[in-house]
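S.K.: Below, each chain spelled out in residue letters.
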Amino acid sequence: MDLLTAVFVAPFLDMAGSPVFLAEVVIVGVLTGVMYSLVALGFVLIFKASGVFNFAQGVMVLFAALTLVGLMERGVPVWLAILMTILVMIGLAFAIERFMLRHLVNQEPIILFMATIGLAFVLEGVGETLWGSNVKALDVGIPNASFEVGGILLNEFDLFAAASCAVLVAVLAVFFHYTTIGRALRAVADDHQAALSVGIPLKTIWVIVWSVAGFVGLVAGIMWGARSGVQFSLSLIALKALPVLILGGFTSVPGAIVGGLIIGVGEKIAEIYWGPLLGGAIENWFAYMLALVFLVFRPQGLFGERIIERV
Amino acid sequence: MIYREAGQFKTTYTADQAVFPIVQDRWFIAAVAFLALGVPFVANEYWLQVVLIPFLLFSLAAIGLNLLTGYTGQLSLGTGGFMAVGGYMTYKITTAFPDLNILVVFAAAGLISAGAGLVFGLPSLRIKGFYLAVATLASQFFLGWLFNRVGWFYNYSSSGTITAPPREILGIMVTGPEATAEVRYYVALAIVTVMAVAAKNLVRGRIGRSWMAIRDMDVAAEIIGIRPFRTKLLAFSISSFYCGVAGAMLVFLWLGSAETEAFDIVVSFDVLFMIIIGGLGSILGSFLGAAFIVLVPVLLTNAPQLFGLTMAIDLQKHIEVVLFGSLIIFFLIVEPNGLARLWQITKEKLRLWPFPY
Amino acid sequence: MQLFGGVNDNGRRQVRRFFGRTGLTRRGHEHQPRSTSPGGASELDTLPKLLLDNSKRLADRPAIREKDYGIWQTSTWRQVLDEVRALACGLADLGLERGDKLAVIGDNRPQLYWSMVAAQCLGAVPVPCYQDSVAKEMRFVIAHSEARFAVVEDQEQVDKLLEIKEDCPKLREIVYGDARGMRNYTQPFLHRFADLQERGRRFDAENPDFFLAEIAKGTGDDIAIILYTSGTTGQPKGVVLSFDNVLVTARNAAEYERLTENEEELAYLPMAWVGDYVYSVAQSYTSGFCVSCPESGATVMNDLREIGPTYFFAPPRIFENILTTVMIRIEDASWLKRNMFEYFMAVAKRAGADILDGRRVPLLDRLLYGIGSVLVYGPLKNTLGFSRIRLAYTAGEAIGSDIFDFYRSLGINLKQLYGQTEAVVYVTVQPDGEVKPDTVGVPAPGVEVRISDAGEVMYKSPGVFQHYYKNPEATAAAKTEDGWMRTGDAGFFDQDGHLKIIDRAKDVGRINGGTMFAPKYIENKLKFFPYIKEAVAFGDKRDYTAAFINIDLGAVGNWAERHHLAYASYQELAAKKEVYDLIHGCVEQVNRGLAKDPQLAGSQIKRYLILHKELDADDGELTRTRKVRRGFIAEKYTVLIDALYGDADHCEVETQVTFEDGSTGTVKGDLKIGDVGVSPAPAA
Amino acid sequence: MISNKHIGEVLLKLEDISLSFGGVQALSNVSFEVREHEILGIIGPNGAGKSSMLNVINGFYHPDEGRITYKGTTRKDMRPHEAARQGIARTFQNIALFKGMTTLDNIMTGRNTKMRRNFLWQALYLGPARKEEMEHREAAERIIDFLEIEAIRKTPVGRLPYGLQKRVELGRALTAEPDLLLLDEPMAGMNLEEKEDMCRFILDVNDEFGTTIALIEHDMGVVMDISDRVVVLDYGRKIADGSPDEVRTNQDVIDAYLGVPHDIPPDTPPDDTPHANPQP
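Each protein sequence line maps, in turn, to chains A, B, C and D. Read in order, the letters of the first sequence correspond to residues 1 to 311 in our numbering. Read in order, the letters of the second sequence correspond to residues 312 to 668 in our numbering. Read in order, the letters of the third sequence correspond to residues 669 to 1352 in our numbering. Read in order, the letters of the fourth sequence correspond to residues 1353 to 1632 in our numbering.
The set of hints was computed from the structure by calculation and includes no laboratory data.
Which chain C residues stay away from chain D? Per the calculated CB distances, all over 10 angstroms, these: (1) E831; (2) G943; (3) E1320.
In silico negatives: residues of chain C with every beta carbon more than 12 angstroms from chain D: (4) R840; (5) P876; (6) Y924; (7) D1208; (8) A1243; (9) V1335.
In silico lysine-lysine, DSSO-like type, Cα no more than 30 angstroms apart, as pairs: (10) C/K1005 to D/K1506; (11) C/K1201 to C/K1244; (12) B/K658 to D/K1451; (13) D/K1451 to B/K321.
The beta carbon of each residue, even a glycine, is placed where N, CA and C say it ideally should be.
One chain only, chain A, in its complex shape (with noise of 0.2 angstroms):
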């Protein structure tokens, strides 16, 4: 009975008890979720294009942020230090194409993706070697003041992050939507010989959607860097983006950026009222729970398409 009440009482009579506190529950849990969104994003834009389920965005988002924080301890400007950190991840895109994808094409999905668990290595071996392993401070200059709205106390760091999280979607979508790029990039994603046999040419959109991913990995990694500091653990948080995808769906960016916020906040939420219950740290595993159940109910996700089976 006390069990019961724990579980299905007790954190409800919290919240209720201090409804500020959920608030900025909720908020951080938003917070988060937005950070959830971005690397998705990444994960969303590769799979609806090529169809590669890429294992290694969680650490291009660490390879990305590495960058940037070793030409900045370098003593390059932050603008710059950007700026070739974009043209590095171009660059890499390249070399991906190149050496991994080139040779790949025709091959099962499965195949394609172990070949990305193997990308995730060599990539974190390669920013690892080049710009060491311990802890790096990212201080690009993005204010971090604190301040209260109504009692709820906020971050301009956070209202910033949402802020460019927002702007990239809008972009994404206005370029998958209304550039001739995205539309064959949509058609790519919808079969590769049907794309081919109109003329588009599949390295160019790999070489074009890789660069994407690596750039919404950049601004991913900008923003966990920024707020936790850039080392190996950053590439987990690829981890917590998987759960998002399926609550979103593979191919879906709104479902993304929705699927990231209710991962971010069920979280929070639950860590904050049921965690203790179970002895703390749920949030390894709670947004997977939270996905399965869900998918229980919606097996395509929030926004993702219907597959449609012949026989």
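Guided by the hints, dock chains B, C and D onto chain A, whose structure is given.
M.R.: Just chains B, C and D now, kept in the frame of chain A:
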């Protein structure tokens, strides 16, 4: 070239369906068995501990995952979690019932893993492919968390580690600090041999065909009367049983003690690498893949010394990681169907020698 | 030509035979020509008696296998006896009587083999028919043999019999093996094989002594079988063979070749052919070895490989086809493998046959041959299914010496034999260690051979048939009063006493001036070149030999491609100078070969031309079995012949051709004529 | 050939079957019967709902309305594997073989529902499990023999030419020893000779095993030749049902095939309307 099959005809279905219908293959297997039995007489402790025992237990885990992913087509990233169940449950059971034969304990722990597999296989009813793969990560993280956080599983020891207690079979110490590497090797060899044979038997019979049918075309499989849900769940349970026993071996026959880190997501990926590099849908491939993944780091670690090079430890570590990753990519490019396929091609060539086809 | 007895030559071989695992020595005897009785084994003078004996002596050893439902379903001798017994009783119950004929039609199937023996148990005579004959062809055999019963494989054969049944009034009962598709056949005279056996078992239970008593009635003089030969002209003739004919000959040869019950043989040639009857039935019964029936026509090569026979027979055409596929497959191999193959095949060519025949070979060659065995010969034989061959025969027509040497150099004991249905196969056979590609060996054990004054090969043997069924004229024409049998083939013995067959006796002519002219012999020599598909030689009553040649479009086309020669059609290719040069070389080589034989040196080819079109059965130039119709061709192409025997260096011609769709057209050509130098005849 | 075949009782009865996908009507009020041992041809122009009909019969689609009575039992809802266990087997228009397996293994999967030994026995592969495996191997071999595909027994089906794949698929359906065999365009894409072979096999199956067959086929000649009865669908409705001769002369059928305008809107879905199977 070495194959001389003329005159090897089969007069019964049993002979025709044998695992090794060709005499020369049987000789080869006999030679392998002889080597496997004889190797402790020539190998030192280092080889047994660093290469052979992990090779055996990871082969078993790879077989387990291969049953699920290679044969049934259900991609799983939760191998480490199921191995953890095996490791922790063995610990729990053998400390609770110290007199129970350790092999029985392994089996019991395997069964509990199978149960866990069953539960975490439930989503396979509704989802497939990468969705399912991500879902299986849930088991990885949840189980890892569970064994880390819930003291009951590690008997509330202060360090949070589980340690293999000394256990004997027929008066010979097989686990615990006093068990020699040789003994642990032989026990592992016995377990892996028996379970590999069982796996082979499963995949060449009705169940294997059901699994492969689901893998190749689940709609058609259902229409010829295969129950998809049941078949997938059976694959999840049996796969987890194998992984569970492998996890038990990892703690009890290899490391001696472990924390949840021993079963983290890297292990899941390693095992997945093993089956992909070894060959999806091949028992032999599971062994080849395990050998590859176990040996490559050993070689990479030892290579600099071999060439008389010295370098900073962490630099070496980083280079190792890069090389390992590159090797994986290189291998996937060169032979996406795995070592087993290479083996098969070689064998086919030898059978057709000197003809190309 | 002198009469040549093969007997003394072979009498030197003292061969002892051991029967079975009991180690019981039945008989060790000298090979002597015996007239009728299978001396010393009179109790085993019929196949049914042999079966009874084998079922005791070799009871649980395999007797026959059939690949069916994916595995080699094996019957032991004991089981075979059961099957035959049930079948014989069933047939008896159905009314088969002593002296009746029983037609057997189908692919090689144990059931059909059993029905032949079952008929013999009852004193009836099996008449196997070619399973691929159309109903019309079958009608003659069934009607002529007056078969009352027929045992057939399946619906296909039943349908044929139903079609001709009205024309064969004697045909009463039809038994079929495979019930597939027979569900709606309600005719009362149709019986399922299994049902018949069931009926037989009931009959047997009621008359337990019947079966053995019937077998005991049989003697060696009884007619064992009637085999219809597919005559090139006229109607087939039924060769009547007694048990003594069959068994004595089979035994003699089996002992000569030391066949034991451990042989493995694949029964894949038509059951109506005498060879199959001797190898797959008679010798299997006398030696007790197991015979395997392939799964289907499409799987023979694979089945051959699985069984890996020790005793094998194939007509030259099959060996030729196998060699061709070997060469094609090797062409596609990697550079390294191809070169290795070629290198070791050269070694084999040098040393292989000598090693096989036990002659002295330089140590280095022996060593290289050993390496070659591991790398090439062994695997090659293995992929072909020839690994275990101890004895392989080829007969029926001449085999190209390249082909023949190829197999022998691999270490396969391939031998030629010369035989006839009327002799129960064996007339001459090549002894181990004395094998030459262009002869057919020495007289088989028990056979005497002589060459008539007209050059015709004649023989006398225990296997000489009784008579042609219902055809005394033909019998008289074939057999002389004193028991010599005419073969209709022209030939001569070489200095080692080996018989050399050169042509059909009636086709052999004379070049003006007296040299023997054997057109087919020359044509065959030409055709042994892969580039030459067909050849027609002329020379009878003319001053010299001249030939028409058809190039092989595949082989020459391939050659042309390698030499960057462009061509659009057969005609264009055939007219190329380079092709003429190629063929010229071949002709010269043939001439050199002819020059070696004193009898034939005068018939070397002086002039030839390459025809502008392929000889075609549709145009009447070939028979349906692809034999050249020399007379017809000579008439049709008089212009060309005149040119060959004139001094023109080219000749224009216009020919009617029939296309595949049946329409006709004309082909025009301006043909070059090649002149070839002749080689000097040997001093002899 | 003298046919002594007895068309038996009603094996399957479909009453007022309607099926729609997202508002598109694939079948409207279709009723017909399939009798024991008969060969029923289902024909109709593209988009007539023929494949949908088969999918309804073996439980792949669940009709919005209507009743299906099979072997005397009326059912509402059935999963395809249940249909298989009750003796309904089928082949597909687009070959649905298990590409990674050999011909033999593909055919053996057809026996799966008849095998009883559990996985423990199978893991041992001794005694009863082995015996069972061998018995079913023999059954599969009989089908291989029946369909004359001995030579490709151990070839992975992916390597086989189209015509042979179709034959293997038929074999897989046959090894299940079905009472009702549904064939979805068994001769699509075949050349004349292959078609003749397939016809012979279909007739033989019907004849030898007494299997009831319902088949969809585009080749009118073939359908008319081998069917005992023909049902004609057009735009999801049944427009004729009867012997081949009756159907051949039916004015509605002629109109349908000649494309005479209809009062039904022509935006009905294609024949093999995608099944909205909500699985990612």
